[in-house]
Amino acid sequence: MAPLKFEENIKDSLAKRSIEPSAGSWNKLSAKLDADAGKKRTSVWWAIAAGFVGLVLIGTLLFKGDGDTKQPELVQQEVPKEIIESEKKEVSPKTQVALETLEELEKTPQENVLVDQTSENNSTKNTTVAVNQTLEKSEEKLIENTPIATPIKIEVADIDPVSNKTELENKVDQVVNQILDLQAQNSNVSEAEVAALLDAAQKDLEAKSLINPLTQKVDAMALLDQVEFDLERSFRDKVFNALGDGFNKIRTAMAERNN
Amino acid sequence: MKVIDLHTDLEQLIAKACKDNRRAQEQLYGMFSPKMLSVCRQFIKVTDRAEEVMLTGFYKAFKNLDQFNGSGSFEGWLRRIMSRECISYLRKEKKIYFEDESSIDATDQHAHYIETSLDLDHIQQLIDGLPDGYRIVFVMYAIEGYKHAEIAAHLNISESTSKSQLFKARKMLQQQLKTLISTSYGTP
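Quick mapping for you: the protein sequence lines, in order, are chains A and H. When we follow the working numbering, the leftmost residue of the first sequence carries the number 8, and every step to the right adds one. When we follow the working numbering, the leftmost residue of the second sequence carries the number 693, and every step to the right adds one.
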């Protein structure tokens, strides 16, 4: 136990020992602690300042952002009458006819009722005629003394929805007549001759329909209309139908004469 | 009653110092700095250097005063901080050198000190005479009461290295003690 006793003696002696630090030691430590506290305070102020600057920046951005998101103002410009008229002319024939019809129908209240009925039904000629007939019956009692209320005036059946159709039919009739003339002159009309006539007529119609008569330029609306028209029935089919009808008429006439 | 008052005063002082009260910190410094300088002096041969390390230790102690939970003695907590700070200082100065392990006697039977009573100056002289590696392990084990496992963890060495350092430190101390007694106190 000798070594332990010696070491215990050393331990006890050293544990009781105290060495006085130098006079300015506390000042050194205090200055170090103060400097650290100053840094803390400075960092707090910096944090506050940074936060304030951040808020100002965000506010500025938001304010600017509001300015950027202003709704565009609508400016009403007076459109010259010439343009309106030209646009009216450029409206597709179906729409134009429909508009005209509406204008006519608005002239009398009775007609308005009929327009509503027809527009609601939005149907074929037969349906419209049926509606007209029913209206005639129902309104007979009410409008006996008002002769202007006759629904005959506004029969949709009488309205040709496509103004170009007459021209088209004329062209068809013209082609049919030409074919009939050829048949009268030559008993056999070849298919090539018929096809040539049809092509010529088709090209003529297309050229006429594409060129705006006012500006003498190709009309964009007319091009669109042509596409729409092509979607319906081809010109060739219509000619063949017309030929078929003509043949039937001639056959009927011949049959009746024979009888 | 005096002990209880002293304890209560110390707790209040620590609480105030924890809130960065400079006056309370100065009072704590006045109470414990002489003993802490003694601790640092055990590890570091030069008193001025020991004082610098002690100031750094107090600075860290005041900054981390909220970590003192009051379960142990405040002095013991401070002593540990000082020991760690001294080791850190010596490590920075690259004064710590641990020799390779050799076959040692792990018991206390190898050390046979001459029975004598030494004054503090001679005790410090003996300790200062040890190489830094020996001295650190000897002070930590024999004076500050650390276990070999703790010393190994603090110094980042193995336990066997710690035991080897202690063994060699004791051998050297015995020789130094013999020399000291023969020169200062005469032959026993």
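If you are wondering where the hints come from, they were derived from the structure by calculation, not from laboratory data. Each hint should be verified, as a subset may be incorrect.
[To be verified] Over 10 Å on every C-beta distance to chain A, these chain H residues come out as not near it, computed from the model:
{"no.": "1", "residue": "ASP701"}
{"no.": "2", "residue": "ASP712"}
{"no.": "3", "residue": "TYR721"}
{"no.": "4", "residue": "PRO726"}
{"no.": "5", "residue": "LEU729"}
{"no.": "6", "residue": "VAL738"}
{"no.": "7", "residue": "MET746"}
{"no.": "8", "residue": "LEU747"}
{"no.": "9", "residue": "TYR751"}
{"no.": "10", "residue": "LYS755"}
{"no.": "11", "residue": "PHE760"}
{"no.": "12", "residue": "LEU810"}
{"no.": "13", "residue": "ALA834"}
{"no.": "14", "residue": "LYS839"}
{"no.": "15", "residue": "ILE873"}
{"no.": "16", "residue": "THR875"}
[Claimed, not checked] Listed next, with one range per pair, are the computed distances between beta-carbon atoms:
{"no.": "17", "chain 1": "H", "residue 1": "THR875", "chain 2": "A", "residue 2": "SER50", "range": "17 to 27 Å"}
{"no.": "18", "chain 1": "A", "residue 1": "ASP19", "chain 2": "H", "residue 2": "SER874", "range": "19 to 29 Å"}
{"no.": "19", "chain 1": "A", "residue 1": "PHE70", "chain 2": "H", "residue 2": "ARG783", "range": "52 to 62 Å"}
{"no.": "20", "chain 1": "H", "residue 1": "ALA845", "chain 2": "A", "residue 2": "GLY61", "range": "44 to 54 Å"}
{"no.": "21", "chain 1": "H", "residue 1": "GLY764", "chain 2": "A", "residue 2": "ALA38", "range": "26 to 36 Å"}
{"no.": "22", "chain 1": "H", "residue 1": "GLN817", "chain 2": "A", "residue 2": "ARG48", "range": "20 to 30 Å"}
[Claimed, not checked] Interface residues of chain H toward chain A, partial, derived using beta-carbon atoms under 7 Å:
{"no.": "23", "residue": "GLU718"}
{"no.": "24", "residue": "ARG733"}
{"no.": "25", "residue": "TYR781"}
{"no.": "26", "residue": "LEU812"}
{"no.": "27", "residue": "HIS814"}
Computed from a predicted structure; not experimentally measured. Quick reminder that beta carbons are idealized off the backbone N, C-alpha and C, glycines included.
Tested hints:
| no. | hint | in the structure |
| --- | --- | --- |
| 1 | ASP701 | holds (19 Å) |
| 2 | ASP712 | violated (7 Å) |
| 3 | TYR721 | violated (6 Å) |
| 4 | PRO726 | violated (3 Å) |
| 5 | LEU729 | violated (4 Å) |
| 6 | VAL738 | holds (12 Å) |
| 7 | MET746 | violated (7 Å) |
| 8 | LEU747 | violated (5 Å) |
| 9 | TYR751 | violated (6 Å) |
| 10 | LYS755 | violated (8 Å) |
| 11 | PHE760 | holds (17 Å) |
| 12 | LEU810 | violated (8 Å) |
| 13 | ALA834 | violated (4 Å) |
| 14 | LYS839 | holds (15 Å) |
| 15 | ILE873 | holds (12 Å) |
| 16 | THR875 | holds (18 Å) |
| 17 | THR875/H x SER50/A: 17 to 27 Å | violated (59 Å) |
| 18 | ASP19/A x SER874/H: 19 to 29 Å | holds (25 Å) |
| 19 | PHE70/A x ARG783/H: 52 to 62 Å | holds (58 Å) |
| 20 | ALA845/H x GLY61/A: 44 to 54 Å | holds (46 Å) |
| 21 | GLY764/H x ALA38/A: 26 to 36 Å | holds (30 Å) |
| 22 | GLN817/H x ARG48/A: 20 to 30 Å | violated (48 Å) |
| 23 | GLU718 | holds (6 Å) |
| 24 | ARG733 | holds (6 Å) |
| 25 | TYR781 | violated (16 Å) |
| 26 | LEU812 | holds (6 Å) |
| 27 | HIS814 | violated (10 Å) |
The earlier numbered hints that this structure contradicts are 2, 3, 4, 5, 7, 8, 9, 10, 12, 13, 17, 22, 25 and 27.
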